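Novice: Heads up: the sequence shown is residues 1 to 125, going by the working numbering.
These aren't lab readings, by the way, just hints derived from the structure by calculation. Everything numeric in this text was worked out from a predicted model, so none of it was measured. We treat Cβ as the ideally placed atom computed from N, Cα and C, and that holds for glycine. Some hints could be false.
[Unchecked claim] FRET-style restraints, in silico, Cβ to Cβ: (1) Gln113 - Gly24: 31 to 41 Å; (2) Gly24 - Cys112: 33 to 43 Å; (3) Glu14 - Ile39: 34 to 44 Å; (4) Lys63 - Arg121: 17 to 27 Å; (5) Asn71 - Gly24: 30 to 40 Å; (6) Lys63 - Cys12: 27 to 37 Å; (7) Tyr88 - Lys63: 15 to 25 Å; (8) Glu114 - Asp64: 13 to 23 Å; (9) Asp68 - Glu14: 20 to 30 Å; (10) Asp68 - Glu15: 25 to 35 Å.
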Amino acid sequence: MANSVVASLSYCAEENIVCATMRGKAQSIDVLNNANAIIEFANSYNAKAVLIDVREFEHAYAKDEFIDVCNKLAPLLGQLSIARVVSYQGFMHELVTQKVRELGVRVKNFDCQEQARNWLRPLSC
């Protein structure tokens, strides 16, 4: 079965927050390509806060690629604040968050979008 990722992006001007939803199974290159798309979209609005819903998203790459992906993601994410809405099924979402946080990215996982937005609001200025 081929891996496929469906991503959607929107911008909330009132809160200055970019919202992304990712669904499907992703190889490491898909994760990096989608990160670049989200960053470009955020930059086009001069947004510093990003809410990413990954409840229906699965990492479909080998564990040995994990560190490489995180090391590439961290500098790309720069000064963005990232709230991730996760399902907590499996360990990869938490592992990714912990690793990129160790690399200096402001990121946190949440159970729902409301909690994520509440955390992002003061960081979106």
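Novice: Between Tyr88 and Lys63, does the C-beta distance stay in 15 to 25 Å?
Specialist: The hinted range 15 to 25 Å holds for Tyr88 and Lys63, with Cβ atoms some 19 Å apart.
Novice: Has the hinted range 31 to 41 Å been met by the Cβ atoms of Gln113 and Gly24?
Specialist: Violated, since Gln113 and Gly24 (Cβ atoms, about 19 Å apart) do not stay within the stated range.
Novice: Range first: 27 to 37 Å. Now tell me if the beta carbons of Lys63 and Cys12 are that far apart.
Specialist: 35 Å, holds
Novice: Does the beta carbon distance between Asp68 and Glu15 stay inside 25 to 35 Å, or does it fall outside?
Specialist: 33 Å, holds
Novice: Is 20 to 30 Å respected by the C-beta to C-beta distance linking Asp68 and Glu14?
Specialist: At roughly 38 Å between Cβ atoms, Glu14 and Asp68 fall outside 20 to 30 Å, so the hint is violated.
Novice: Range hint 33 to 43 Å: satisfied by the CB atoms of Gly24 and Cys112?
Specialist: Since the Cβ atoms of Gly24 and Cys112 sit about 21 Å apart, the hinted range of 33 to 43 Å is violated.
Novice: Lys63 and Arg121, beta-carbon distance inside 17 to 27 Å?
Specialist: Between Lys63 and Arg121, where Cβ atoms are some 35 Å apart, the hint is violated.
Novice: Does the beta carbon distance between Asn71 and Gly24 stay inside 30 to 40 Å, or does it fall outside?
Specialist: 23 Å, violated
Novice: Is the hinted range of 34 to 44 Å satisfied by the C-beta distance from Glu14 to Ile39?
Specialist: Cβ of Glu14 to Cβ of Ile39: about 21 Å, so the range 34 to 44 Å is violated.
Novice: 13 to 23 Å was suggested as the range; check whether the CB atoms of Glu114 and Asp64 agree with it.
Specialist: 37 Å, violated
Comparing the model with each earlier hint shows violations of hints 1, 2, 3, 4, 5, 8 and 9; every other hint is respected.
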